[in-house]
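Please take these sequences and the hints and turn them into a complete structure.
Okay, here's what each chain looks like letter by letter:
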Amino acid sequence: MVGLDPRSIVVTEHTGRSVSARDEVLARVRSARAGAELVEPARDYRQTGEHQPGSAALLDLLEDRLVDYRVAVRRTDAAGLRATVADALVAACVAGGPVLRPPGLPATWAPDGQTDDGALSASELDDFAAVVTACRVACAETGTIVLDGEPDQGRRAITLVPDVHVCVVRADQVVHTVPEMLARLDPTRPTTFVSGPSATSDIELDRVEGVHGPRTLSVVLVT
Amino acid sequence: MSTPPTFLGLPAYAPRGVGQLRQDGPFPAAARTALADTQLRRNIGHATQTIRAKRDRVVGEVPDWEELRVAGQQVKAATMARLDEHLERLEREVTARGGVVHWARDANDANAIVTRLVRDTGETEVVKVKSMVTQEIGLNEALADAGIEAYETDLAELIVQLGHDKPSHILVPAIHRNRAEIREIFLRGMPDVPAGLTDDPRQLAMAARAHLRQKFLTAKVAVSGANFAVAATGTLLVVESEGNGRMCLTLPETLITVMGIEKVVPTWRDLEVFLQLLPRSSTGERMNPYTSAWTGVHTTPDGVIDGPRHFHLVLLDNGRAATLADEVGREVLHCIKCSACMNVCPVYERTGGHAYGSVYPGPIGAVLSPQLTGVEDNSSLPYASSLCGACFDACPVRIDIPALLVHLRGKHVEQRRAASRVPTPEAVAMAAASWVMSDPDRFARAERASRLGRLVARRGKLRSLPPPLSAWTSSRDAPVPPAETFREWWAWTRGASS
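The listed protein sequences correspond, in order, to chains A and B. The numbering of the first sequence is our numbering, which starts it at 1 and goes up by one. The numbering of the second sequence is our numbering, which starts it at 1001 and goes up by one.
Warning: the hint list may mix true and false statements.
Now the stretches of chain B that chain A is said to cover, found in silico as 3 or more residues with beta-carbon under 8 Å [stated by the list, open to error]:
id : region
1  : 1177 to 1184
2  : 1238 to 1244
3  : 1288 to 1299
Calculated directly from the structure, the hints in this document are not laboratory data. By construction, the Cβ of each residue, glycine as well, lies at the ideal position given by its N, Cα and C atoms.
Quick look at the structure:
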């Protein structure tokens, strides 16, 4: 095999049978990358931001980024949370409309609504005007909120089909940079990174908010 | 005694006759048609200008952009150096978490696998998330042949599909259409088009929402691509904007994801680089509206299935291993399909994407398509560039596209030389130039002879020359030779004193 053109493919057919697509693709790749040197990547970029998670500067930055995505942001403390969520629902024009909540949302966080038991079909979810959830982590620099399917956020469909999503973010969940955000996540969970309402740039590369996902995203920051 | 190794010989390129990776004719001919379309040039000029300004703004605010680019380049290079190991790990992790992994040598394999998987569900419709790789392999056509209808759900893909058109950009496949044309396409192709639809982009987006809503809510099978796959955990990611991706990845019972083998990254942590580089480079946003990450099949703590019950991952080669075998050319596999290179390319801006023939247009397409197909099948693409270098500066993973273009031009010339005993025109020209330039007297005579060119010049340029020199002037102007050669000027200014 010495002196073999690296582009040629070597497959040992021990049995004379044709090899599987799996074995053939892997053999091609092994042969193709033979001799490639493995160099540990340099990670000289910022790992952490200058601001501590939950600091006032980060909350301001997150709000600035969210507003840039046309997200309505409200701030409150634990005592005012329920009223502020209600206010956010009213502003999104769903006062009195059916509101959905994930099974683990604290009872005091939001006005009464129907708790998702996992049995509602997509079409039934479409009858709900809004959903209220918590989140796992928020990244201030990019204005990103992450949902990971814990009981206070629910299965993915409930934050997708209703047209209004009110998301409660606690100050201690707000980090500065993308690396800090990813470090707080478990990759094996169903994870959705949300940066503003659904949007498209497909018409003349101009951004338009509101396509298939929730057209209104409203964030309540609890300090 | 063991059987000796079997040499399968030539590199396994993407097969002919399936998918969309090859030019119908040479780039200059296709470009001429595109250049004559002033509406197309206006649309693309406007769109690329918009996106360049947005990208510059959000890239400029990242203090460690260059460090991120270097990391992106190095993570990809390290991944490719052990690609087989990462693919095997990915397969193990996906399988352990309830997914099923399939391997496809090429487009035909992948189309057959997906068709069989859809048939097994008993469904005759699938919803699709925008995916370059399924365009590359011609999956929609293969499904249609099997009686399965594929509904594109990305707005731009929908515009292309309803307009019976071809994609012309990897991020915004309908970039060549303006709002008025999109309205026309909707009026003609959407049976449920709202009355009084105007060309306001918001109204057009709302029409698409209404058109696809029932499809999303009732679809049983979805087909997607993937932006990244994390080997260590078996996690797949789709990066999108509209929520059509979330709909397809969450609501159907069966999800089939087709992924090029180069999309794998070793660890979750590696995403901290790419999730910063990709959105800012592609749509000029700090972060795209939605990114979904899933690992196999998910169940909530209460035992409720979260998302599809069945997940299939199809790992596709289709010329990628052959590309990996080229020690220079393999760098193209680092591409994260952001499209920044086409948005800054002066050639793309004028010709648009269709002139490149392949679903991968622009600078990256000019180095990717010829490697997936073998350079002889896309031989004019490596020349579809002025080598200005703007694409390298814009590339978030520092792919040296100009160097790859030159490398592929070299490969093309070598192949032609190997294939024919008759020397090529370039070889003849280079041999003649070498003979002329190796002797001062011959060179001086040639310089003087070049003045003949002044006779056919117009407006300071040589626009067309007789054969064989027409090979040069058919696609470029040549400068007019000066009235006086350098030697003549030297002789009368300094020559007397020396």
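A quick look at each hint next to the structure:
1. 1177 to 1184: The restraint on the region 1177 to 1184 of chain B holds, since 3 of its residues have a Cβ under 8 Å from chain A and three suffice.
2. 1238 to 1244: As far as the region 1238 to 1244 of chain B goes, the hint holds, because 4 residues have Cβ atoms under 8 Å from chain A.
3. 1288 to 1299: holds (count 9)
The structure shown violates none of the earlier numbered hints.
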